[in-house]
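With the hints as extra help, turn the sequences into a complete structure.
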Amino acid sequence: MQDVTRTNWWKRMILRTIAVTLIGLAIIGPLAGTLIWSFAEKWYWPSAFPQQVGLKYWKASLSGQSQVMESLWVSLLIAVIVVVLAMLISVPAGYALARYDIPWKRILLVIFLMPQAFPQLPVFINMTSMFYRYNLVGTVTGVVAVHLVVSLVYSVWITTAAFKSIPVSLEEAAVNLGANRLKVFFRITLPLAAPGLIASSIFVFITSLDEFTGTFFVGAPFIQTLPILMYTASMGYNMQYASVIAVLLTIPALFFMLVLERFLKAEYISGLGV
Amino acid sequence: MRLASSKQASSVSKPGKTQRPRGRAGQSNLSGILLVLPALIVLGVLYIYPLISSIIMSFVSEQGIGLYNYRKAINLYWVDIFFTIGITLISLAIVFIISVAIAGYLRFNQWPFLNFVYRLPLFIPFLIAGHSMRVFLAPHGILNIILTRITGIPELPGLAFGWPGLVIAFVWKQFPQATLLILGAFQSVPDSCIEAALNLGSNKFRAIWQIVLPIASPTVLVAMVLTFVSTIGCLTIPLLIGPSKPVMLPVDMSFRITYFNDWGVANALGVISYLLVIGLSFYYLRYMVKKEEA
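Residue numbers (the numbering used here), protein chains in the order written: chain A, 1 to 274; chain B, 1 to 294.
Heads up, some of the hints might be wrong.
Reference excerpt, derived from the structure (chain B facing chain A, CB under 7 Å, subset only) [as the list claims (entries may be wrong)]: (1) Ile87; (2) Ile90; (3) Val117; (4) Leu127; (5) Met253.
Read the hints as simulated data drawn from the structure, not as lab findings.
Every residue gets a Cβ at the ideal spot worked out from N, C-alpha and C, and that includes glycine.
This is how it looks when you write it as structure tokens:
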């Protein structure tokens with residue numbers, strides 16, 4: 001009797017180990033490969049590990065004058081501007097969508113959802129041709145505009161949800177005590193909604209940092225954000241540089257998203273870094 | 001550590017709807033519009049206008065107004081159109097199987113390892129997913145380093161730069177979101193329904209297939225729509241890991257612009273890609289609006 005349970009236990013352990021290995025290999029394998037490549041100074045087939053491991057490419061990438069650092073600053077500058085603009089626009093919009101009875105609300109919802117429901121590439125292409133007319137192609141302004149439209153959909157949804165989660169009764173109580181509407185908003189509503197709004201800003205930040213396709217058209221050839229530089233490096237088989245940038249871009253995304261998980265709806269994340 | 005599922009999300013959205021401020025309906029209409037206006041203007045100018053102009057410009061060519069761009073697009077790219085549909089459908093089918101299997105398993109069992117690890121690709125941008133798969137699936141990539149050791153065969157063909165690599169990359173990037181949505185829907189199916197089926201002699205597999213999946217089907221369909229649309233419209237993964245011929249439609253659109261400066265045909269291909277998704281998009285939009293208004 002005991003023998004049977006013991007063999008069963010072994011069987012289950014072996015099955016589980018095989019399952020963990022396969023799932024781990026399938027999901028973590030590609031990421032681990034990129035991480036290893038970023039530290040590989042020499043790696044020739046068919047060695048299982050790099051012949052020479054070191055920080056050479058990390059140092060070269062992160063030294064003051066490198067192209068990677070230049071791109072990092074451009075990316076950060078653009079991301080910060082996009083966050084400020086996106087929040088300035090989506091806080092009022094989110095509040096109105098959460099609290100007011102807006103006519104044609106349904107049409108508004110559809111407009112805010114459309115970028116997710118249709119392929120975006122044709123829009124980027126025509127935005128580029130529109131920007132050519134106003135000399136915005138290859139400028140920071142142009143790239144900010146693309147990132148803004150890509151992230152606005154998410155920021156409006158997240159801020160709307162943030163405001164909706166605050167009970168109206170709290171605002172009404174303050175109004176009954178004699179506060180005016182503006183004061184109620186800044187003293188009561190905004191502080192209560194702050195966690196959701198911060199989540200929204202971070203989401204916008206990451207979206208902008210990782211955005212590729214729109215920047216590829218509107219930013220070319222002068223604006224080299226990190227994703228653009230990574231793409232160029234990867235296509236040119238500069239595997240180490242591409243992998244260093246990939247790791248640089250992944251760490252903040254992974255970190256913030258894991259921290260912010262509870263604020264995010266599954267639908268939001270689909271557009272990340274398209 | 002859980003992402004808000006669609007079920008939780010809709011329960012959050014309810015209070016705002018029922019407890020709206022009373023007694024200033026007339027005034028709030030106007031200020032509500034004013035508050036939404038900046039967002040609406042930005043989306044109007046930077047999204048709706050380019051969208052409409054992509055449709056209009058697809059009919060305009062040196063030959064005047066007509067279907068010239070479409071004839072040229074279909075003549076040049078009909079193989080790519082079918083290739084795009086094929087890759088998207090194969091990826092979609094695999095994503096469906098994997099995500100229903102994982103969601104079904106996690107509906108009945110606790111397995112923290114799986115529950116954590118399946119979500120990782122969700123937070124990896126498409127571009128980096130493409131690059132990582134390039135490193136992983138190349139002829140001398142990480143996967144073949146492992147496989148050649150296990151099998152003892154000195155050289156194996158790489159999966160990258162062919163349709164299998166493309167499908168693998170899409171599935172890897174897309175299944176977590178589908179799983180997340182479907183698991184949320186599965187968890188909102190009451191235990192009593194499932195227990196009833198199990199008591200009547202059904203096994204867990206059949207309970208998922210015949211009871212849980214049909215009840216959860218609206219959300220499952222939404223998950224499939226989102227997967228379909230983002231696969232068919234993705235530029236980065238086909239560029240980084242796809243074959244050089246045939247290619248997927250977004251790559252054709254991009255090359256039409258960068259190499260040929262031919263905006264008309266690029267827009268015709270864009271409209272064709274709209275037409276490929278339009279039925280699904282309408283379903284998704286209707287579902288989301290209904291959910292928001294519920």
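Quick rundown of the hints versus the structure:
| no. | hint | in the structure |
| --- | --- | --- |
| 1 | Ile87 | violated (14 Å) |
| 2 | Ile90 | violated (17 Å) |
| 3 | Val117 | holds (5 Å) |
| 4 | Leu127 | holds (5 Å) |
| 5 | Met253 | holds (6 Å) |
In this structure, the hints that do not hold are numbers 1, 2, in rising order.
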